[in-house]
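**Q** Fit chain B with the ligands to the known structure of chain A by using the hints.
As you go down the protein sequences, you meet chains A and B in turn.
Using our numbering, the letters of the first sequence correspond one by one to residues 1 to 252.
Using our numbering, the letters of the second sequence correspond one by one to residues 1 to 302.
Be aware that a few hints might be false.
DSSO-like mimics (lysine-lysine), calculated; alpha carbons at most 27 Å apart, straight line [to be verified]:
hint : chain 1 : residue 1 : chain 2 : residue 2
1    : B       : 88        : A       : 217
2    : A       : 61        : A       : 5
3    : B       : 79        : A       : 217
4    : B       : 5         : A       : 84
5    : A       : 158       : A       : 123
6    : A       : 80        : A       : 70
7    : B       : 5         : B       : 283
8    : B       : 88        : B       : 9
9    : B       : 283       : B       : 3
10   : A       : 213       : B       : 269
11   : A       : 70        : A       : 8
12   : A       : 217       : B       : 283
13   : B       : 141       : B       : 9
14   : B       : 79        : B       : 298
15   : A       : 213       : B       : 79
16   : B       : 286       : B       : 79
17   : B       : 88        : A       : 213
18   : B       : 298       : B       : 88
19   : B       : 283       : A       : 209
20   : A       : 2         : B       : 269
I should point out that these hints are in silico values taken from the structure, not numbers from a laboratory.
All figures in this text were calculated on a predicted structure; none of them were measured in a lab.
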Amino acid sequence: MKDFKYSKDGEFLLVDVPYDDFGSAKDTSKIRENVFPGQFFMVKTPVGPYVPRPFSVYDLKDGMLRFLIKSGGEFEHFFKNSSKIVIDGPFGNPMPILEHPLLLSGGAGYAPIHFYAMRYEFKEMVVGARDEAFFELVDVPTSSVSTVEPTTVLDVAKFSPLENVIACGPVPMLEKTAEIFKDRNLYLVMEEKMACGRGMCEGCAIMTKSGIKFVCKDGPTFPANEIMDVSAGHSAVEENSNEQIEDHDQRR
Amino acid sequence: MNKLKITIKGVEFKNPIVIASGPAGFGEEFFEYLSPSEIGGFTTKTVTPFPKDGNKPPRIVYVRSGLLNSIGLQNPGIKIFESRIAPKLPKTTRRIISIGGESPDDFSDLTSRIEEFCDMLEINLSCPNVHSKGVIAADGKLSKDIISACRERTNKPLIVKISPDLNVVEQSRVAKESGADIINVANSIQGTRFNVETGQPFLKRINGGLSGPAFMPIILWKVYQVKEAFPDLPIIGLGGVTTSRDVVEYAIAGASLVGVGAEAMINPKGIPAIVRGVGEFLKRKKMNFEDIVGAAHKGGFE
Ligand SMILES: Cc1cc2nc3c(=O)[nH]c(=O)nc-3n(C[C@H](O)[C@H](O)[C@H](O)COP(=O)(O)OP(=O)(O)OC[C@H]3O[C@@H](n4cnc5c(N)ncnc54)[C@H](O)[C@@H]3O)c2cc1C
Ligand SMILES: Cc1cc2nc3c(=O)[nH]c(=O)nc-3n(C[C@H](O)[C@H](O)[C@H](O)COP(=O)(O)O)c2cc1C
Ligand code: FES
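Here chain A stands alone, though its shape is the one from the complex:
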């Protein structure tokens, strides 16, 4: 059975799914050891969508996984018409455990940030959303700062002196974060459309300084200075884009 709650404006929903994969642990309290902040599950219902969607873990408590999902897509359409949720995972790598990090999020990007902050009891957070309704849905530690448009997360965060920073959110926010914190130890939680989620299909490619990497297998968290172009997967059609990235096959 599924359990869920919408934000007042209908833009986001929190979905609870029982998680009983104990791995080798006998004790249910050990379940938390199987899933780490930054990891994601491929999520669908028995009736669709055909390609399950990657959603980051927002929380794992008492054998219940929680996801924070932006509404309006195909997943929500099927979710409304199904009593069951099917999950596959966890996939991806945990976020690195940093000393006294500054955590930044925008919109649904709060999911992995929330799980990270809860598990490791980090408190320096700036959480951004378009509307107050977001903050009535999610739980935000009292020590953190919430911003609502037109104020942005970075309007506040730019004054922080903290050396370690992790950010997750929409591409324009990540681009700006990379610019403002270019001299800090910054990590970005990246997003690309995924098909397999497990490193087989080469669908979620991202360009890094050490070549092509895959968000599902090598990420989703990357050091910001490794990423060639934060908005690569989201920018408009470019001139000459009919070319491949770099074709080694240039003999003739």
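**A** Then chain B with the ligands, alone, in the frame of chain A:
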């Protein structure tokens, strides 16, 4: 007796389910979810003469009941493939190696270098995501030269993978006359989606290859057409399979082997259940898989 067994050009498949080229890569991750001995065959992702980085992201667009992909044949190239990957392909399933390139020389060189590592070779003339000029299969003369060049280099069965965007009967005729043993019908069909917020296509190259159940009826029809035109030419039916019933439909249309692409990457653990389901169907119908191949051309089951 194994009802699922089928022998094609002297190669025995323990069941007709063959993993398609691409979605399951070279099998490294895929075979963490199932044993190679559970499937009839495994096709590698297409290998090219030199390493290819593939296309710029995004490479995937979700569509209802399917997906568009624009991977662009990313692969490490033949050098790394022949030294590190090919020798490790599992021998408990039939190994099909898919090759891609541009000229007859590219293909014949690849054929010579990989043929010892596989049970069959698949010549990919139909990748929609590489050439800006279009797929090789659109050029009959080039297709013929490529297939003939490969034929000279190997006695192993040659599969030619054709494009569903062009006349499939004509492509099959060229392939057959040039020495191909089996036709793979087909690669993904070309499609696109536009972002209504920006007025631009989601994919940088505009179009991508559609796969998944959304296009299965289209490919089923094409399999039927090829079987009708060349009753003795074995066919791999490939496109949109998600259930054992889909596999049976492909056999009825004329496929001797049935490919599974996207479903293998989405739910690798579910593949053995598809195989089992076909076995149960045959048991119920008291038939062998070989008996149902092309049933639609003979007025249905006897
Ligand atoms: C590792 C990882 C973790 C993620 N974690 C989360 C998470 O925790 N929460 C979350 O909400 N997302 C998360 N995402 C993003 C999410 O997976 C994608 O946004 C996914 O596509 C959502 O699926 P959907 O079915 O809800 O929407 P989809 O149907 O895939 O649609 C995506 C968006 O595009 C819009 N859209 C659809 N068609 C068009 C069109 N023709 N033109 C313009 N717009 C269109 C939809 O309205 C929707 O807003 C994550 C992604 C990754 C890679
Ligand atoms: C992610 C992805 C990668 C693919 N890569 C290749 C490839 O390298 N070579 C090839 O011949 N076909 C490739 N294909 C096409 C598939 O082999 C298959 O023809 C197509 O997906 C239709 O089958 P399906 O509906 O079962 O996925 C790819 C398809 C997908 C989805
Ligand atoms: S989603 Fe398939 S490789 Fe990442």
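**Q** Please go over all the hints and tell whether each is borne out by the structure.
**A** Do the hints match the structure? See the list:
For the hint linking residue 88 of chain B to residue 217 of chain A, the alpha-carbon distance of about 21 Å falls within 27 Å, and the restraint holds. Taking the CA atoms of residue 61 of chain A and residue 5 of chain A, the gap is near 17 Å; set against the 27 Å cutoff, the hint holds. For the given pair, residue 79 of chain B sits about 24 Å from residue 217 of chain A by alpha-carbon distance, which is consistent with the 27 Å threshold. Pair hint residue 5 of chain B plus residue 84 of chain A does not hold up; C-alpha atoms about 37 Å apart against a cutoff of 27 Å.
With a C-alpha separation of about 17 Å, the suggested pairing of residue 158 of chain A with residue 123 of chain A holds against the 27 Å cut-off. A distance of roughly 14 Å separates the Cα atoms of residue 80 of chain A and residue 70 of chain A; the hinted pair therefore holds under the 27 Å criterion. Between the alpha carbons of residue 5 of chain B and residue 283 of chain B the distance comes to roughly 13 Å, so the proposed pair stays at or under 27 Å and holds. Proximity of residue 88 of chain B to residue 9 of chain B is assessed by CA-CA distance (about 24 Å); at most 27 Å being required, the pair is judged to hold.
The suggested pairing of residue 283 of chain B with residue 3 of chain B holds, with an alpha-carbon distance near 8 Å, which does not exceed 27 Å. About 25 Å separates the Cα atoms of residue 213 of chain A and residue 269 of chain B, which keeps this hinted pair within 27 Å; it holds. With a C-alpha separation of about 13 Å, the suggested pairing of residue 70 of chain A with residue 8 of chain A holds against the 27 Å cut-off. At roughly 41 Å between alpha-carbon atoms, residue 217 of chain A and residue 283 of chain B are farther apart than 27 Å, so this suggested pair is violated.
Proximity of residue 141 of chain B to residue 9 of chain B is assessed by CA-CA distance (about 26 Å); at most 27 Å being required, the pair is judged to hold. Between residue 79 of chain B and residue 298 of chain B the alpha-carbon distance is near 47 Å, which puts this suggested pair outside the 27 Å criterion. A hinted pair counts as satisfied when its Cα atoms are at most 27 Å apart, and residue 213 of chain A with residue 79 of chain B qualifies at roughly 21 Å. With a C-alpha separation of about 48 Å, the suggested pair residue 286 of chain B and residue 79 of chain B falls outside the 27 Å cut-off, and the hint is violated.
Between the alpha carbons of residue 88 of chain B and residue 213 of chain A the distance comes to roughly 23 Å, so the proposed pair stays at or under 27 Å and holds. A distance of roughly 42 Å separates the Cα atoms of residue 298 of chain B and residue 88 of chain B; the hinted pair therefore is violated under the 27 Å criterion. For the hint linking residue 283 of chain B to residue 209 of chain A, the alpha-carbon distance of about 55 Å lies beyond 27 Å, and the restraint is violated. A C-alpha spacing of about 23 Å is found between residue 2 of chain A and residue 269 of chain B, which places the hinted pair at or below 27 Å, so the restraint holds.
Violated hints, in rising order: 4, 12, 14, 16, 18 and 19; the structure is consistent with all others.
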